[in-house]
Amino acid sequence: MLVLRTLARHGELHGFEIAEGISHTSAEVLQVEEGSLYPALQRLLLQGWVTAEWGRTDGNRRARYYRLTPAGRRQLDRQVESYQRIARAIARVLQPN
Amino acid sequence: MRIGDLWRWLRFLRRRDRVMRDLEEEMTLHVELRAEANRRDGLSPAEADRAARRRFGNRLATRDESREMWGVGWLDRLSQDLRYASRQLRRHRSSTAAAVLTLALGIGANTSMFTLLDATLFRPAPASDPDRLVWVMTRSPEGRLQPLAYPDYAVYRDSARAFAGVVGYSTAPFAIGGDSAELVRGQLATGNYFDVLGVRAALGRTFRSDEDVRSHPSPVVVLSDALWRRRYAGNPAIVGTTMTLNGQDVSIVGIAPPGFSGVELTEEPPSFWIPLQTLPVLRPQHSAMFTDPAERWLQVVARLAPGVSLDQARTDVALISRRLEAARGADNTAAGALLFPLVGGLDPANRREAAEVFSLLAVVPGLVLLVACANVANLLLARAIDRRKELALRRAIGATRPRLVRQLLTESLVLALVGGAVGVAVSYALTGAIVHAGHVPAALSSTLRVDVRVLVATSVLAMLTSVLFGLAPALFGSKPELAPTLKDEGSGMAGRRGPRLRNAFVVGQVTVSLVLLVVAGLFLQSMAKALRVEPGLDAGRVATLSFDLGLLGYGADARTGFTRQLLDAANAVPGIESAALADVLPLSGYMFGTTIAPADATSDEGVRVHFSNVTSDYFRTLGIPLARGRDFTAQESVSSAPVAIVNETLARRLWPHDDPIGRRVRVGGEDGPIREVLAVARDGKYDNLGESPRAFVYLPQGPSPVTSLSLIVRSRSNPAAAIAPLRQIVQALDPNLPVSRAWTLDQAIRETLDKQRAASALVGVFGLLTLALASLGIYGVMAHAVTLRTREIGIRMSLGAPAPVVRAMFVREGVRLAVIGVALGLAISVLLALALASAFYGLAPADMLAFIGGTTVLGAVAALASYLPARRAARVDPLVALRSL
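Sequence order for the protein chains is A and B.
Following this note's numbering, the numbering of the first sequence begins with 1 at its first residue and continues without gaps.
Following this note's numbering, the numbering of the second sequence begins with 1 at its first residue and continues without gaps.
The following block holds chain A by itself, in its conformation from the complex (with noise of 0.2 Å):
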């Protein structure tokens, strides 16, 4: 969901930016190791959720886009209203009376 939130907000982006896109948005709090996004980009691209496209980064090297398809967009909001009703029950237990 991470990988598609930050697509959705940045558009294109290469596997480097958006593993800092990751890091920043989430304040440092979430660290992986930054390999690990790799096999699920190879998922979101299976599941035709994501598109890759060869292109030049600003300092002209090759790098591959990743922007996220309109399948991609619709799994994203599924995902995040999913998400969000969970964190309101959670919410709700946790809330003094």
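Think of the hints as simulated: they come from the structure by calculation, not from any bench.
Hints are not guaranteed to be accurate.
Said to hold, decoys possible - Sample of chain A residues with no beta-carbon within 12 Å of chain B, all distances over it, derived:
| hint | residue |
| --- | --- |
| 1 | Leu2 |
| 2 | Thr25 |
| 3 | Glu33 |
| 4 | Gln42 |
| 5 | Arg64 |
| 6 | Arg67 |
| 7 | Arg78 |
| 8 | Val80 |
| 9 | Tyr83 |
| 10 | Ala89 |
| 11 | Arg92 |
| 12 | Leu94 |
| 13 | Pro96 |
Stated by the list, open to error - Pairwise CB distance ranges, derived in the manner of DEER restraints:
| hint | chain 1 | residue 1 | chain 2 | residue 2 | range |
| --- | --- | --- | --- | --- | --- |
| 14 | A | Glu81 | B | Glu390 | 52 to 58 Å |
| 15 | A | Ser36 | B | Trp7 | 22 to 28 Å |
| 16 | B | Arg16 | A | Val80 | 31 to 37 Å |
| 17 | A | Met1 | B | Asp129 | 45 to 51 Å |
| 18 | A | Ser36 | B | Ala504 | 20 to 26 Å |
| 19 | B | Glu390 | A | Ser36 | 32 to 38 Å |
| 20 | B | Arg53 | A | Glu81 | 35 to 41 Å |
| 21 | A | Met1 | B | Asp131 | 38 to 44 Å |
| 22 | B | Asp22 | A | Glu81 | 39 to 45 Å |
| 23 | B | Arg53 | A | Val80 | 30 to 36 Å |
| 24 | B | Arg14 | A | Gln84 | 37 to 43 Å |
Stated by the list, open to error - Computed far set for chain A versus chain B, every beta-carbon distance over 12 Å:
| hint | residue |
| --- | --- |
| 25 | Arg9 |
| 26 | His10 |
| 27 | Ile18 |
| 28 | Glu20 |
| 29 | Ser36 |
| 30 | Pro39 |
| 31 | Leu41 |
| 32 | Arg43 |
| 33 | Leu44 |
| 34 | Thr57 |
| 35 | Arg62 |
| 36 | Arg73 |
| 37 | Leu76 |
| 38 | Asp77 |
| 39 | Gln95 |
All values reported here derive from a predicted model rather than from experimental measurement.
All C-beta atoms in this analysis are idealised placements derived from N, C-alpha and C, irrespective of residue type, glycine included.
For chain A, the structure is supplied; the task is to place chain B on it using the hints.
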């Protein structure tokens, strides 16, 4: 997985390498960018790189995990295993070749057996939609399965609604006349035969139902492809012309497709098909066969109507059967029809018998394959021992045990598949040899071919085999104890289980090959014995010629005239001592039975007896001594005089205490003529050499329903030389009469032993095969043990052990295994011999020759197989051995 996923997945498969390269590049970029960022944060370049790599994590694992996301890991692993396996197999060329050859022999033997089994028991019939065809059979009062009587066939054809069509046929000998008369088998078939089977003529047309009527003006015939090619050189212009069958002109309307020989495998494939109702024209004496419900001679095949199941058809047929029985009432000639699915080339009655024989025979190649597997398993175990360091290393760097087992099994699979491919070639040769050695019916040998069904069976067998021989070595090889194996420099025996497992395989091989050797020996012994049996006649200088006067419609007078002329002419041939005629030859496989009783006895005192109608001089010609009394006179033997000659067994049974000469007997039930006993002939063998004494009566020739006849002559010298002039005499008397089976009596007797000879040849060949495999096995194990123990031998010898002691050490080990195997093998052989004793003539399990012979041969081979490596062991140079540490 949805369509889109599938499509993306397939695209991935196609461009897998590129995808992986992309990923590699991406990850490199990622680490570099991170390192740059780290440098910007003030780290030294080296430290920046290290931190970037640390933050990225295990790159190899990441790559594998990404690949796993596409779910193709197994595919990669398989292709990796296959590549690895073929590299391994190529590296060890000689042992791979040995394994492939061994497997090829084992698999080839089984492929041949399967080809035989398939052709007789499983192959679909040569018809369209063969699985909709069923056999319609009936049961005799004794419960045997039988063909139908013609009137019953007509009832089922007309009233069974479960059938789309019902055909009947019967196979019979016919005389093809013309330039050269020959005797062939043809099938009489109902007019709908070809239509219901869905078989179309390759040339011309098949016959129609309206041609299958009594007294059709011009009978038609459809030739088999084989006859057309043989007799007419495949000339298409022959269609539309006429040929002579049993002296009648018939017109050829078509040629059957190549390879078509009816739904049944017969001893000799039919050469032509003619409409059933032309039978009375071609064989006038057989016209009662269409009306008598007790004459059951018609093989019936039905095609199920669309949508009707076999069970529904059975219900329908049972209903008709009951109606039929009720209508026939008291005469009890009707019997219910039974349906059987039509598969393989045998009708249900023969099928049951053949299945028994084949299941016995199929065990033999199975045993050969088992021995082959044990051999290859030994080879692989040896290799696993050699490779244990490599395997230990693989485990140490993280390969799991299932992964290693899978890898080793892949090697076995590759071996087995290559072995199977070579095995198919072996089976070609072997099937040819089997057909050649054992009298396989001609129709069967023509259908023996390697087709898709056989190939599928072979590959399945190869895969099963690979597990069979590969599993034990794989499990053993994948379990090296890591530390000792890696530390040890790789000499000495590895663990205890390895050699024990291999020894067990060797013992098993010795056991199986001894069993096969003993059984083959027993067969050979039984045959030798059968050849020594006294047949009760002097076959030495006797030749016989058979023919069937019924084929050409001879009446009683014509027959008497013909036989008298024939005997006169035969007696006039120089070199012929005497000549006689008989309708049943001894040991020909044909027997006719009747009952006989003293003339004054009440009807239920009859004795079942077999008989032959003979002329005078029959006894002199065949060398059958008359114990007492006199032979038929020439006059008696052509005029069906009321006389008879009994054999000793019959005389003893009818008159245990009195002199039989001059007694009066009634032959053939209450209506039979009363005859006077002229003589008692010595007992002999009548049907086969293995039979126990049986009652037999000789009657003079006369009008008889049996139309086949044999001319028997005793020559003064070589009987084979007499055959040609006799054949000329027959031809001169009637050029349309074909002669069948012209040979010496010795040949005829040998022929009766052919089935046994084929079986013993088969078992013998397989026995030798397993002997070769087993000795290779022992040799392999001992040779490998010597290699492994080179260091130990070196130490022993440098400590003063003389060469003979070292040699004895290894020989002892090989012989120990052989002795255990022999003991087990002997025990199993004895049990098997007891079981087989009933099946083969004179097979006495107590005959020690086969047991002693088998044990000696095997023992010698085992000793040699262990001596050769032992000699090598004793030649080990202690210095070299110790230095090779």
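Checked hints:
No beta-carbon of chain B comes within 12 Å of the beta-carbon of leucine 2 of chain A; the shortest separation is about 16 Å. No beta-carbon of chain B is positioned within 12 Å of the beta-carbon of threonine 25 of chain A; the least distance is around 17 Å. At roughly 3 Å from the closest C-beta of chain B, the C-beta of glutamate 33 of chain A falls inside 12 Å, breaking its exclusion from the interface. Distance check for glutamine 42 of chain A against chain B: the nearest CB is about 4 Å away, which does not clear 12 Å, and the non-interface claim fails.
Not every CB of chain B lies more than 12 Å from the CB of arginine 64 of chain A, the least distance being 5 Å, so the non-interface label is violated. Every CB of chain B lies more than 12 Å from the CB of arginine 67 of chain A, the least distance being 15 Å, so the non-interface label holds. At roughly 16 Å, the least C-beta separation between arginine 78 of chain A and chain B is larger than 12 Å, which holds for a residue marked as non-interface. Chain B leaves valine 80 of chain A outside its interface by the beta-carbon criterion, the shortest separation being 22 Å against a cut-off of 12 Å.
No Cβ of chain B approaches the Cβ of tyrosine 83 of chain A within 12 Å, the least distance being about 23 Å, so the stated non-interface status holds. With a minimum CB-CB distance of about 31 Å to chain B, alanine 89 of chain A clears the 12 Å threshold, and the non-interface call stands. Distance check for arginine 92 of chain A against chain B: the nearest CB is about 36 Å away, which clears 12 Å, and the non-interface claim stands. At roughly 34 Å from the closest C-beta of chain B, the C-beta of leucine 94 of chain A stays outside 12 Å, upholding its exclusion from the interface.
Its beta-carbon lying about 41 Å from the closest one in chain B, proline 96 of chain A satisfies the requirement of being farther than 12 Å from that chain. Remark: the range hint 52 to 58 Å for glutamate 81 of chain A to glutamate 390 of chain B is upheld by a beta-carbon distance near 55 Å. One distance hint, 22 to 28 Å for the beta-carbon pair serine 36 of chain A and tryptophan 7 of chain B, holds here, with the actual separation near 27 Å. Checking the proposed 31 to 37 Å range against arginine 16 of chain B and valine 80 of chain A shows it holds: the Cβ atoms sit about 34 Å from each other.
Separation of methionine 1 of chain A from aspartate 129 of chain B is about 59 Å and departs from the stated range, judged on CB atoms against 45 to 51 Å. Against the hinted window of 20 to 26 Å, the Cβ-Cβ separation of serine 36 of chain A and alanine 504 of chain B comes to about 50 Å, which falls outside the hint. A hinted range of 32 to 38 Å holds for the C-beta pair glutamate 390 of chain B and serine 36 of chain A, which are about 33 Å apart. In this structure the hint that arginine 53 of chain B and glutamate 81 of chain A lie 35 to 41 Å apart at CB holds, the actual value being about 38 Å.
For methionine 1 of chain A and aspartate 131 of chain B, the hinted distance range of 38 to 44 Å is not satisfied, since their beta carbons lie about 57 Å from each other. The hinted window of 39 to 45 Å between aspartate 22 of chain B and glutamate 81 of chain A is violated, with their beta carbons roughly 33 Å apart. Our hint of 30 to 36 Å for arginine 53 of chain B and valine 80 of chain A holds, since their Cβ atoms are close to 34 Å apart. Separated by about 40 Å at the C-beta atoms, arginine 14 of chain B and glutamine 84 of chain A satisfy the suggested range of 37 to 43 Å.
No beta-carbon of chain B is positioned within 12 Å of the beta-carbon of arginine 9 of chain A; the least distance is around 20 Å. Residue-level check passed: histidine 10 of chain A sits 16 Å from the nearest beta carbon of chain B, beyond 12 Å. The claim that isoleucine 18 of chain A is not at the interface with chain B is violated, since a C-beta of that chain comes within 12 Å of its own (minimum 10 Å). Residue placement check: glutamate 20 of chain A does not keep its beta carbon more than 12 Å from all beta carbons of chain B (closest about 8 Å).
At the 12 Å boundary, the C-beta of serine 36 of chain A falls inside the reach of chain B, the nearest C-beta of that chain being 7 Å off. Proline 39 of chain A, annotated as away from the interface, has a beta carbon of chain B within 12 Å; the closest lies near 4 Å. Not every CB of chain B lies more than 12 Å from the CB of leucine 41 of chain A, the least distance being 8 Å, so the non-interface label is violated. Once the 12 Å rule is applied to beta carbons, arginine 43 of chain A is inconsistent with being away from chain B; the minimum gap is 5 Å.
For leucine 44 of chain A, the requirement that its beta carbon stay farther than 12 Å from each beta carbon of chain B is not met, with the minimum near 9 Å. Some Cβ of chain B comes within 12 Å of the Cβ of threonine 57 of chain A; the nearest lies about 8 Å off, and the non-interface call is violated. Distance to chain B contradicts arginine 62 of chain A as a non-interface residue, since its nearest Cβ pair spans about 7 Å, not more than 12 Å. Separation of arginine 73 of chain A from chain B is adequate, the least Cβ-Cβ distance of about 16 Å exceeding the 12 Å criterion.
No beta-carbon of chain B comes within 12 Å of the beta-carbon of leucine 76 of chain A; the shortest separation is about 18 Å. With a least CB separation of 19 Å from chain B, aspartate 77 of chain A remains clear of the 12 Å interface cut-off, as annotated. Every C-beta of chain B lies more than 12 Å from that of glutamine 95 of chain A, the closest at about 39 Å, which supports listing it as non-interface.
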